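Those protein sequence lines, which keep their order, are chains W and H.
First residue of the first sequence: 1265, per this note's numbering; consecutive thereafter.
First residue of the second sequence: 13, per this note's numbering; consecutive thereafter.
Read the hints as simulated data drawn from the structure, not as lab findings.
Keep in mind it's a predicted model, so treat the numbers as computed, not measured.
Don't take each hint at face value.
To spell it out: a stretch of chain H is covered by chain W in this simulated footprint if at least three of its residues, at any positions, have a beta carbon under 8 Å from a beta carbon of chain W; those stretches are [unchecked claim]: (1) 154-162; (2) 192-202; (3) 303-310.
Note that the Cβ used here is the ideal one computed from N, Cα and C, for glycine as well.
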Amino acid sequence: MDLTPHLPVLQVVVPLLSSPLLLLLRPRGLAWAGAAAVALLSFAIALNMALAVAAGIQFSYAVGGWEPPYGIALSVDAFSALILLIVTGAGAIAILAGKPSVDREIDAERQPLFYSAWILAMAGLTGIALSADAFNIFVFMEISSLASYVLIAGGPDRRALPAVFKYLIMGTIGATFYLIGVGLVYMMTGTLNLADMEARIGGVTDINPLLVAAGFITIGLALKAAVFPLHVWLPNAYTHAPHMITVFLAACATKVAIYVLLRFDFFVFQANLDRHDVQFSLFLMPLALLGILVASAVAMFEGHIKRLLAMSSVAQIGYIMLGASFITEAGLTASALHMFNHALAKGGLFLAIAGLACHYGDLRLARLAGAARSMPWTAAALVVCGFSLVGIPGTAGFVSKWLLLDAALDEGRFAAVLVGVILVSSLMALAYVWRIVETLYFKPAAQDVATPTGEAPLPLLLAAWLAAIANIGFGLFPQFPLELCSAAAELLLGHTL
Amino acid sequence: MSADLAILLAICVPLATAVGIQLAGRISDNLREAVTLAGAATLAWVVWGMLPALFAGERPALTLGELLPGIAIAFEVEPLGMLFAALASGLWIINSIYSIGYMRGNREKKQTRFYTCFALALAATMGIAFAGNLLTLFLCYELLTLSTYPLVSHKGDEATVRSARVYLGILLCTSIGLFLPAIIWTYHVAGTGDFIAGGILAGKIAGADVGLLLALFVFGVGKAAVMPVHRWLPAAMVAPTPVSALLHAVAVVKAGVFSITKIIVYVFGVDFLFATPSSGWLVYAAAFTIIAASLIALRQTNLKRLLAYSTVAQLSYVVMAAAVLKPLAEIGAAIHMVAHAFGKITLFFAAGAIYTAAHKTELNQLYGIGRRMPWTMAAFTIGALSMIGVPPTGGFVSKWYILAGAFQAENLLAIFTIIGSTVLNAAYFLPIIFMAWFADERPGGPEHGEAPPLVVLALVLTALLTLGFFFFNGPVIALEQQLVGGMAQ
């Protein structure tokens, strides 16, 4: 039997169904093995679909044979294939390599619960990327969010509890806003299927409810995506979460929200609402620019390595939004590629930090001084991924920054400002990455910190280096992700006239 | 051996040498040094082997792959790059001999890392020399910055790390903040960044934008040390002297002026720039740097810092020569790279030799040192005379060409700058020569003799090259004539 046409549904069903089964795997280590197997399988499915999409195949799947707009519809195009690749790739690496770190942070008897929630979060995120239906997106969003709250709060750090409470409140507001918006659109069009919405929305005569809906949806998703200044939940949530959860969420969680935002805006509204582009040029672009500058500046003076990188994530989300707000093919390509490259860089950085955390209880920069002397390989992987974050040529980050600058030059009279902001923030990124490098390599170790006994645990080290090599590899040979991204950009723009 | 393969080898040989040094460093020091010397010799053999093809007018090329659609990582050998590569690879052999003497003489730590990074820096230098387009140039340019950072911060104490931060900060900030947007702008308007004879920008960009783009390039290439982005060069003097000698008198700084010359010749096109008034500021900027850096050099009391500021001034000679935009001046720019390289590496070798033998670093410690270290100071004298441009040294030849080019362009500013700076060069070098040979030694100094034999051997060799370049410069000039083949007289 050829499974290829069923891949979309398998992508979400496999983790969704195996999540409760993981609860049953009580004996030590089994839950991890099960979760790793599921994550790897998901990654294999996503990779298969990405390759197929790159070869020109589009998947659309009607669950149970019920045709859309009535049944549950799943679809995979270049954009969703890219997101699925990021989500499952980050999940697979983090689960596989993260065992030593998770073993340190989560009690053995709670591990089945932990892995079950993790796989559930992954199922939710893949579900969002697959759904062709606005309401199912909401359902999967809630699944992934609830599971993420559990995961973030699941570590030994009790400061995670207030952080996750903030995230819970803001995440719920975001999801509610999204739901209100979807409700309004449903009221006016009578459908929840995105493609159907797009077809019917043009016929709506009373445009005001739609404008309100667009506002609610954009704000709600911007909250979920931590677009500046709606990012306040993010730094603490990333800082105090278990280290491997930070790896996973930093690589993919906010990007999935951006994915929904772009998809909704470009597929449903952009073509059909007159002057909808103002939302991008007058609202999202200034926010993106501000976010890039402010978050980078904060990161430069941040003392805790995880919060520093979390702030940097807020700035990177700004880059992604900036590229999208040009509403050009070049801009969207850069934006999509930056999602992929940032996942590589930030994932790798947090993997290396999880490695450091195995020897350092306190991850404030001052306490990590001189770590490179006893953990040279871990520190080197961190440096390579850091270079990618800055956009040093030869790394993946350089490629997306190049594309972003190239796209910005098309923006007429604002071009100089845009280019200036991108470059200044790159230099700020250089400053904060260099602070980490100097601390790790040159500062004398703090007096009362025990010198680490060796490198990070082998699986973490290997994973961090895999990410580092991927950063260089995709920096020199970016063809495959680039192909997906330009196809995605074409797809998004195909819906604007 | 085909020339295309030679390009690949020129980049891979230093890389392989770096790996070999790492492996050999675990076995024995002698083996490690043997690997370094063998690598340097192999590289010189590969690079110099390409010369006949170049003289025959060929342009070997190699494309490694496409980074973005239409933007490849590609290499192409042309006369200017050939000259730079031949220079750097040839001097690497001599510098390796010197390094061995210096590093052992001073019992430096972490020598394996030192030699490894040195080899990596050479690989990046070869990449810069042979780069076929702006993207490849930028890639190798940044690699050179990063690979030299561990060399500059070699000592590892707090003051060194602070200086190294200035070094890295200025070079990376200018390259990311100015050079990169200039490159992307070029690709954006011209649709390509390939180095093509006659330039790619003519007709694509006009008016004040030309001057602005040129400014982004000139100040973005911080390695050329045009003021005000010169501060990294004195900061880099905290590195061990072999690094200052090969990298901060030859490879790194020449990579800067080489890039600017190459961009002027192959991206803008000399004739296009000459016809565009907004590009005229570059001569003024370079002239200012020459005079200002010479004045600062006058006031230095530390030998290496004096040499650093002298380098800043001499680099702007190349930039100014390129900016005069006349054929003879472009040839002058190319051969000044060679002449200055021979002279300045000799001067740095001498400074390092004095440090190794006597641990002297300040000018006022040099009274009468010529009698204790005759070989070293003789070489120093030759190098200094070359900086001033006195025959029979290499510096005279290049100054002659630059002056001839300035007359061709009837550029009075350039002419008077050269005359003025010659006076200043004499004013800061001649007192040192005088005090070393003719003044009496201050009592109470340490007893010392000549530097280690390997060190002396190296500096005598480069001093001979400085002299030799006065007499045997025909092939270099013949090669660079190709550079200006189709140019308006």
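Does the structure break any of the earlier hints, and which numbers would those be? The structure breaks only hint 3.
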